[in-house]
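Using the sequences and the hints given, assemble the complete structure.
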Amino acid sequence: MKEFYIDSDGIRLHAKMDVPEGVEKGPLCILIHGFTGNMEEEHLIAAQKAMNDIGMMVLRVEMYGHGESDGEFGRHTLYKWVANALSVVEYARSLDNVTDLYLCGHSQGGLLTMLIGGMCPDDLKAIIPLSPAWMIPDVCRKGEILGASFDPAHIPDLIRSSDGWDLYGDYVRVAQTIHVEDEIARYDGPVLIVHGMDDEVVAYSYGEQAAKLYKNAKLVGIKGADHCFVGHESEMADAIKEYLSGSGS
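Per my numbering: the sequence shown = residues 1115 to 1363.
None of these hints come from the bench; they were simulated from the model.
Because the structure is a prediction, the values reported are computed rather than measured.
Check before you lean on any hint, since a few could be wrong.
Here are the computed lysine-lysine pairs in the DSS-like style, where the Cα-Cα straight-line distance is at most 30 Å [unchecked claim]:
id: 1; residue 1: Lys1139; residue 2: Lys1239
id: 2; residue 1: Lys1130; residue 2: Lys1116
id: 3; residue 1: Lys1337; residue 2: Lys1326
id: 4; residue 1: Lys1329; residue 2: Lys1163
id: 5; residue 1: Lys1194; residue 2: Lys1239
id: 6; residue 1: Lys1332; residue 2: Lys1194
Distance windows between CB atoms, simulated [to be verified]:
id: 7; residue 1: Ile1168; residue 2: Gly1257; range: 41 to 47 Å
id: 8; residue 1: Arg1189; residue 2: Asp1252; range: 18 to 24 Å
id: 9; residue 1: Asp1340; residue 2: Glu1204; range: 30 to 36 Å
id: 10; residue 1: Asp1252; residue 2: Gly1278; range: 22 to 28 Å
id: 11; residue 1: Gly1140; residue 2: Asp1252; range: 34 to 40 Å
id: 12; residue 1: Asp1302; residue 2: Glu1322; range: 17 to 23 Å
id: 13; residue 1: Leu1272; residue 2: Asp1302; range: 37 to 43 Å
In this text, a Cβ means the ideal position worked out from N, Cα and C, and glycines have one as well.
Now the structure itself:
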């Protein structure tokens, strides 16, 4: 494992490159956490190990305001994350030992994966949204974000949640402008969506809807699994491994 930082217009993004033993050249998957998350969460490590097991290199990266990357959590926005992810894709494309590039993200990182898929369809062989929170823009337009409510037409400068996190209003202002369906329509490549069927954060129905909108998608529902696949990490990892090892990717 190699630990380093990737520059994104002056913002340092904390990164770790996990390379399977004996692999010098081959496919690479960028792996991104979700809202309030980081690269060391159990479900992300399970996904990373599944990819490593089939000979794929994995680049785990923490976005603005998360983990050990630069930026204040409350000031992160989807625009900032998109800019970060584009920088990471550019970095990965510059590596001489990368043959094919994949993108995988969980929750808000799954939403980001869907956005970047539409923006960079020629760069990505497949995308893998895990429990993708692609309803965030819609709920922000309605005046909600992860349990916090507000007037969507008069966004407050600070939004406080009962879970202890604070967001500045720019997060909502940015989210309200994003229409994920546009980027779904722009991506024709293979898509694997893995979603817990008992997810209470992002309902499983959102995974079903996304799978119907994509032109070439497979949805794997994990029975009994919650948003982070707690206790079901191995099933999520097996779904990724089976997909990437087969013809779907």
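Now the hints, each set against the structure:
With a C-alpha separation of about 16 Å, the suggested pair Lys1139 and Lys1239 falls inside the 30 Å cut-off, and the hint holds. As the CA atoms of Lys1130 and Lys1116 are separated by approximately 6 Å, the hinted pair is consistent with the 30 Å bound. Distance restraint check for Lys1337 and Lys1326: the Cα-Cα separation of roughly 20 Å lies within the 30 Å cut-off, and the hinted pair is therefore satisfied. Pair hint Lys1329 plus Lys1163 holds up; C-alpha atoms about 28 Å apart against a cutoff of 30 Å.
Of the pairs offered as hints, the one joining Lys1194 and Lys1239 holds, with about 24 Å between alpha carbons and a cut-off of 30 Å not exceeded. For the suggested pair Lys1332 and Lys1194, the alpha carbons sit about 29 Å apart, so the restraint of at most 30 Å is met. About 43 Å separates the C-beta atoms of Ile1168 and Gly1257, a value consistent with the hinted range of 41 to 47 Å. At roughly 22 Å, the beta-carbon separation of Arg1189 and Asp1252 lies within the given 18 to 24 Å, and the hint holds.
For Asp1340 and Glu1204, the Cβ-Cβ distance of about 34 Å falls inside the hinted range of 30 to 36 Å, so the restraint holds. Range check, Asp1252 to Gly1278: Cβ separation about 24 Å, and the 22 to 28 Å hint holds. Between Gly1140 and Asp1252 the C-beta distance comes to about 38 Å, which sits within the given range of 34 to 40 Å. Take Asp1302 and Glu1322: their Cβ atoms lie about 20 Å apart, and the range 17 to 23 Å holds.
Between Leu1272 and Asp1302 the beta carbon distance is about 41 Å. The supplied range of 37 to 43 Å therefore holds.
In the structure shown, no violation is registered for any of the earlier numbered hints.
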